[in-house]
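Trainee: Residue numbers (the working numbering), protein chains in the order written: chain A, 1 to 833; chain B, 1 to 140.
In short, the hints are calculated from the structure, not lab data.
Warning: the hint list may mix true and false statements.
[Said to hold, decoys possible] Cross-link-like lysine to aspartate or glutamate pairs, in silico, DMTMM-like; alpha carbons within 25 angstroms at most:
id, chain 1, residue 1, chain 2, residue 2
1, A, Lys108, B, Asp76
2, A, Lys108, B, Glu55
3, A, Lys366, A, Glu376
Each chain, letter by letter, is given below.
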Amino acid sequence: MTMDMSRYLGLFISEATDHLEALGRDLVELEREGSSSAVDSMFRHAHSVKGMASSMGFEPIAIVAHRVEDLVDAVRQDRGRLDRDLVDLLLTAADTMLAQVRAVAEGKQPDDSAALLTQLGQRVTTMTGQAPAATRVAKVTALKPEGGGSDGTGSDGPGGGSGSGSDGSGTGGGAGGSGTAGAAGGSGTAGAAGGSGTAGAAGGSGPAGAGASPASTHGGGAAGSGTRSSVVGGSGAAGGSASPGVANGTGVDGAGTSSASPNLLMNGGPGTSATSSAPNGAHGTSAPSSPDGATGGVVVPLSSRRASDAPGADAGTAAPTPDLANSLKAAASAPLPETLAQRWAVRLRIAPTCQVPGVRAFLVHKRLTNLGTLVELRPALEELKAGRIPDGNIQLELETPAGEAGIHAALKNVAEVEVISVKPAVAAPVVQPTLVPVPDGARAPADTASRTVRVRTELLDYFLDTVGELMLATARLREVGKVLPENTRPALEEGVYRLHTLVKDLHDKVMTARMTPLSLITDRLPRAARDIARRKEREVDLVITGAEIELDRAILEELSDPLLHLLRNCIDHGLEAPEDRAAAKKGPRGRVLVAVKRARDRVIIELEDDGRGMDPAKLKSAAVSRGLLSAEAAARLTDREAFMLSCLPGVSTAKDITDISGRGVGMDAVKRVVENVGGTLEIDSERGRGTRFTLRLPLTVAVVHLLLVEVGEEVFGLPIAKVVGATEADGESLSRSRETALLPHGNSLLPVHSLDALVGVPAPQRLGARPFVVMDGDSGRVALAVDRLLGQEEVVLKPLSRPLDLLPGLSGVTILGSGRPVFILDVPRLLSA
Amino acid sequence: MRHVIFRVEKERYGLPLSAVREVVVPPERFTRVPRAPLAITGVMNLRGRVVTVVELRQLLSLPEGPTPPGRVVLLDRGRRDLGLLVTDVDGIEAVERVSTAPGKMTPAIRGVARLGGLGVTVLDPEGLDAAVVALFTHSK
């Protein structure tokens with residue numbers, strides 16, 4: 001592989017992974033609902049993967065993708081052909097391709113998966129009555145930075161040569177377009193798209209290889225917002241100017257290598273270009289990034305609103321071909337500059353006496369975006385919302401048909417805001433107005449199209465670490481300042497204070513950048529649900545709501561496995577077999593609901609099934625028979641407390657308790673993970689009605705309150721949430737039972753564990769009075785003997801990296817103000833492991 | 001290939017340059033890791049990151065003895081924050097032709113090579129990684 005290719009390899013891996021995961025999701029959706037949009041979308045994904053893989057020279061992947069494309073196409077023509085076996089086959093193919101892409105990511109050659117190909121080929125033959133066509137694959141080394149010659153359509157269509165012709169902007173589109181744009185459509189006139197010069201825009205019309213007759217002259221220009229690509233400023237617009245010679249702008253579809261919005265399919269059929277901006281916006285954002293860190297990326301929205309907010313984002317993609325042609329004609333015939341919403345330069349001032357400048361500014365922003373498209377805004381919206389407005393001056397440029405009077409009217413009722421001037425402004429040559437009369441009335445102002453960049457996740461982690469280090473450094477500076485002579489101190493303290501504010505601000509921003517929608521992990525659940533249900537021969541409907549809610553990436557990553565565990569529990573053990581359901585007068589299909597909600601500073605995830613529910617009595621007797629609980633204590637437990645017993649390791653793995661067996665497989669792990677990120681787990685259940693797991697999670701990496709204790713020379717943190725109290729006693733004078741010392745506490749006796757032995761740290765023998773920390777354990781309270789209590793501290797929890805996460809009994813690590821790393825102990829796990 | 005050459009007592013070892021992120025001076029004291037295997041010296045704070053430091057001597061099951069804490073060689077293994085405690089770092093040298101090492105085969109050792117007339121044991125970063133994980137998983 002030449003150097004040229006390796007530049008695009010990372011992009012290929014992440015894009016192809018996105019497409020393949022989406023393909024799997026679509027399949028599951030299709031099987032469930034049979035919607036035609038899913039078929040189209042599947043076809044698109046398969047086609048894109050084929051195109052990318054062939055332009056990258058990964059023949060095995062391209063061939064599999066080609067077969068999948070054939071099969072999906074056959075299904076598209078006759079829905080009746082889709083059966084379970086075909087879905088299985090296609091899912092296997094998607095998995096195989098994912099594995100192949102992963103192999104590529106690891107620098108290996110992808111397997112040619114001959115067995116699968118034979119199966120796929122046979123299926124193609126039986127379904128279409130024709131032998132599968134050969135897949136043409138580009139010669140990798142021939143890849144040039146410009147020209148779309150190696151795109152997917154090129155392999156079976158009229159050739160991609162015209163693709164490069166459509167690169168009106170000349171910034172190098174098509175397969176080779178690296179970080180910049182492939183802008184297309186027309187001759188680069190106002191009709192062409194281009195989000196601030198670097199947009200991913202693509203021209204395309206006519207179905208690949210088929211319909212596009214040479215005489216067809218509509219050079220459609222469609223632009224994707226490039227949400228999932230590394231395009232900066234990739235908002236876009238559609239436009240078509242009827243300029244000859246730009247037909248068949250197939251350039252972009254070799255998209256694996258082109259960073260210009262590869263989600264866009266220029267394959268004609270779907271009227272991607274019919275919608276105005278961000279036709280793929282919603283699509284892109286919901287696509288998960290690849291699971292492994294190497295290729296994983298998070299999309300950081302640069303603009304205030306995300307592309308998924310863009311209305312009608314998917315509507316256009318499902319539009320049939322004739323509509324495409326019509327709208328293109330409409331676009332082409334639209335007289336351009338005259339009906340252009342005019343651009344106005346507006347200057348405003350917020351009264352200096354205003355107590356809430358941020359609110360006023362936000363109101364202004366809202367009013368004006370209702371009126372038209374905000375092209376420029378100074379200060380930026382973020383700043384405005386935060387009330388950081390130098391001298392109260394706001395400048396903006398707005399494109400609106402409303403005119404001067406309209407602008408004045410819109411701002412009339414905003415208190416404490418003075419309109420200084422409204423003047424016509426000269427539009428910059430490359431703008432993205434919503435030119436096209438959008439058929440379905442979708443209106444997407446340019447600033448709603450997410451201006452995003454793809455950032456490696458490691459980089460985000462690095463940012464957070466570095467900001468943390470900055471905070472630490474600031475704290476140290478402040479300490480140094482304390483020993484300075486009085487007269488020099490104020491200047492330094494002022495500086496340190498300023499630094500402190502800035503660093504805090506930066507920290508907030510970094511945290512914001514790390515917020516990732518839950519769809520990143522919930523998108524995998526439908527597929528998992530299908531697989532589990534298929535294995536158990538159950539029917540299940542999985543409903544997911546609120547997946548767009550965001551959480552810190554670190555927390556999100558931790559949650560992936562627990563959610564899967566819970567889902568498996570719901571389907572495997574919560575839902576009854578169909579005949580039992582019928583007996584219980586329930587529908588044959590089980591239902592699992594995953595609802596994500598936001599409640600103040602927490603995110604709540606609920607997983608609910610309508611199955612048989614849990615039996616508290618059985619859980620209690622299981623716990624008692626395992627010796628985890630006395631019969632009396634069990635009798636005192638409420639039902640809710642009893643459900644939590646399923647999270648005890650001993651109970652959860654109890655295979656012999658039929659009703660709950662497996663109910664707890666990994667439940668202890670689930671609970672631990674949730675608590676380690678600073679959240680809580682609750683279980684609610686009603687016999688015969690179902691079970692609900694509620695996860696309450698912090699939005700960002702947990703700030704935890706710790707009680708710091710000293711043992712020997714080491715310091716450890718105990719989560720305050722679990723600490724009941726502390727007392728002092730003479731360890732030698734305590735009474736004992738079977739070698740275990742007992743500490744009187746309240747009206748009970750608590751078993752004493754000495755922390756040094758628990759953590760395996762040497763500490764000198766202590767005589768006389770010493771402190772004990774009383775904590776909540778899994779099965780009642782315990783007392784920990786420590787050497788010294790050092791006090792409470794609020795710290796930022798860091799997750800444990802390999803290999804430390806393999807150790808039982810640690811829930812995280814933090815760095816104290818002194819720079820000393822301190823482990824946070826998970827006492828129940830320490831006691832049980 | 002260029003290798004970072006370092007010493008554990010008198011023996012010389014090499015790691016591919018690409019596998020080494022940096023070499024740092026160890027802190028005065030390490031934070032001990034509860035219940036960790038003996039070979040784990042502890043963790044240290046490296047510019048805000050918590051790095052696990054492993055005593056190379058123990059990892060390679062060399063005879064017991066105190067390693068005077070000379071240098072920590074930080075591995076660049078993705079996000080795995082791992083450092084090796086060694087006696088000293090000699091420098092960077094090109095190492096060619098690695099032949100089989102004497103003694104028991106372990107995945108952490110690629111082989112031995114000749115360097116300036118002396119032998120150097122060439123380590124395998126992935127194998128080292130696996131050896132560390134194995135320490136944690138077998139100790140239970």
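Trainee: Take the hints in turn and mark each one as holding or not.
Mentor: Hints, one by one, checked against the model:
Of the pairs offered as hints, the one joining lysine 108/A and aspartate 76/B holds, with about 21 angstroms between alpha carbons and a cut-off of 25 angstroms not exceeded. The suggested pairing of lysine 108/A with glutamate 55/B is violated, with an alpha-carbon distance near 33 angstroms, which exceeds 25 angstroms. Proposed proximity of lysine 366/A and glutamate 376/A is supported: the alpha carbons are some 14 angstroms apart, at most 25 angstroms.
Against the hints set out earlier in the document, a violation occurs for number 2 only.
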